[in-house]
Amino acid sequence: MRIYEELFIVKPDVPEEEVDQFVEQLRTQLTAAGATVDKVEKWGKRRLAYRVDKYREGAYVLFEFTAAPDTVKELERRLRVSDMVIKFLTVRIDQTRKRLDKRKKQRDKRAAKRAASAPPAPATVPGAPQSAAHAAEAPAMPGQPKEN
Amino acid sequence: MAEFKGRPGSAGQRPTGGDKAVVSQKKQYFRRKKICRFCVEKMDDINYKDVKTLHAFVAERGKIVPRRISGVCAPHQRRLTDAIKKARNIALLPFAAQN
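Chains as they are written, first to last, in the working numbering: chain A, 1 to 148; chain B, 1001 to 1099.
For reference, chain A alone in the conformation it holds in the complex (with noise of 0.2 Å):
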C-alpha cells in the first residue's frame, strides 16, 4: 500500500451538487477497491495559470488516499474517461513523508544534542539558559548549507 496524493480540476460550470456527487463516487469507489481514502479536500474555483481546453478557471479537488498501485490506475482511468475533470496529477506522497519525517527527527536530535552539550561550556556565565538557547540557534544557521 502506498499513500497517493490527487489533484484534479473540474470544470468550473459543473454545478456544485454534481460535483460533489462525482466525488463521493470516487470515495466509494476507492474504499470498494480496497483503498482508504484520508482526506478529501475542495479548494474551489480558482484561476488557472493558463488556458485549458478554453476554460480559464477551474475548481479544484484535492484527495488523499493509500491505495495500491493498480487502483490508482483504475482511478486515472475514470478522470480521463470523466467529462468534467480537465486535468488532474497523481503523486506519491509516503516516501516523500518518511524523508520529511526522518529530516524532522535528525533535526530535532540534533538540536536536543545541542542544547544538552552547550550549557557545560558558558557555565561559567550567570545567564546560562540564556546563553544556551542562542547557542543552540546560532550555529545552526550557518552549520546549515554545509549538510544540505
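The reader is advised that the hints may include incorrect statements.
[What the hints assert, rightly or not] Here are the simulated DSBU-like pairs of lysine-lysine, each with C-alpha atoms no more than 35 Å apart in a straight line:
#1 A:K113 <-> B:K1034
#2 B:K1063 <-> A:K102
#3 A:K104 <-> B:K1063
#4 B:K1052 <-> A:K102
#5 A:K104 <-> B:K1049
#6 A:K73 <-> A:K105
[As the list claims (entries may be wrong)] Cβ pair distances, simulated, as ranges:
#7 A:V52 <-> B:R1061: 37 to 47 Å
#8 A:R99 <-> B:A1059: 36 to 46 Å
#9 A:E16 <-> B:D1082: 27 to 37 Å
#10 A:T90 <-> B:R1078: 47 to 57 Å
For the record, the hints were derived by calculation from the structure and aren't laboratory data.
Where is the CB? At the ideal position from N, CA and C, for every residue including glycine.
Take the given structure of chain A and dock chain B to it, following the hints.
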C-alpha cells in the same frame, strides 16, 4: 601570512578588501548575502501546492529562477524545480507568461 591563508577567497577576489583587515570579517558576511531561503527557514518540504512560495522562484515570464541568482542551495533547488514542474502540470503555475 597565516591570516591571509585563513580567507583566501576575500583576499583574492576583492583586492580592496585586503587592506581593511578589521572589517574583513564583517565584509565577508555582507558579501555572502545569497543564502538559501529554505535552509534558513528550515523548510524541508517544498510542496507543489504551495503556490505562494513557488511564485517567489519563478521569473516574470514563468521561468524557474537559476540558483546563481536566487541563492538556493543545490538540494533545495532540485526539489524546488520538481515542485514548480508539478505545479505547472496542474495549472497552478504558468509554463510561459500569457501574451
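Pairwise hint evaluation, K102 (chain A) against K1063 (chain B), where the allowed Cα distance is 35 Å at most: 32 Å, holds
Given a hinted range of 36 to 46 Å, is it respected by the beta-carbon distance of R99 (chain A) and A1059 (chain B)? 28 Å, violated
With the threshold set at 35 Å, check whether the alpha-carbon distance from K1052 (chain B) to K102 (chain A) stays at or below it. Distance of about 26 Å is within 35 Å: holds.
Against the 35 Å threshold, does the CA-CA distance of K73 (chain A) and K105 (chain A) hold or violate the hint? 34 Å, holds
The hint says 47 to 57 Å between T90 (chain A) and R1078 (chain B); measuring C-beta to C-beta, is that right? 21 Å, violated
Going straight from one Cα to the other, do K104 (chain A) and K1063 (chain B) come out at no more than 35 Å? 31 Å, holds
Range hint 37 to 47 Å: satisfied by the CB atoms of V52 (chain A) and R1061 (chain B)? 20 Å Cβ-Cβ, so the 37 to 47 Å window is violated.
Can you let me know if the beta-carbon spacing of E16 (chain A) and D1082 (chain B) is within 27 to 37 Å? Because 33 Å falls inside the window, the suggested range holds.
Would the hint linking K104 (chain A) and K1049 (chain B) be met if the CA-CA limit is 35 Å? Given pair K104 (chain A), K1049 (chain B) holds - Cα atoms ~20 Å apart, limit 35 Å.
So if I understand the rule, the pair passes when the alpha-carbon distance is 35 Å or less; does K113 (chain A) with K1034 (chain B) pass? Given pair K113 (chain A), K1034 (chain B) holds - Cα atoms ~29 Å apart, limit 35 Å.
Checked against the numbered hints above, the structure violates hints 7, 8, 10; every other hint is satisfied.
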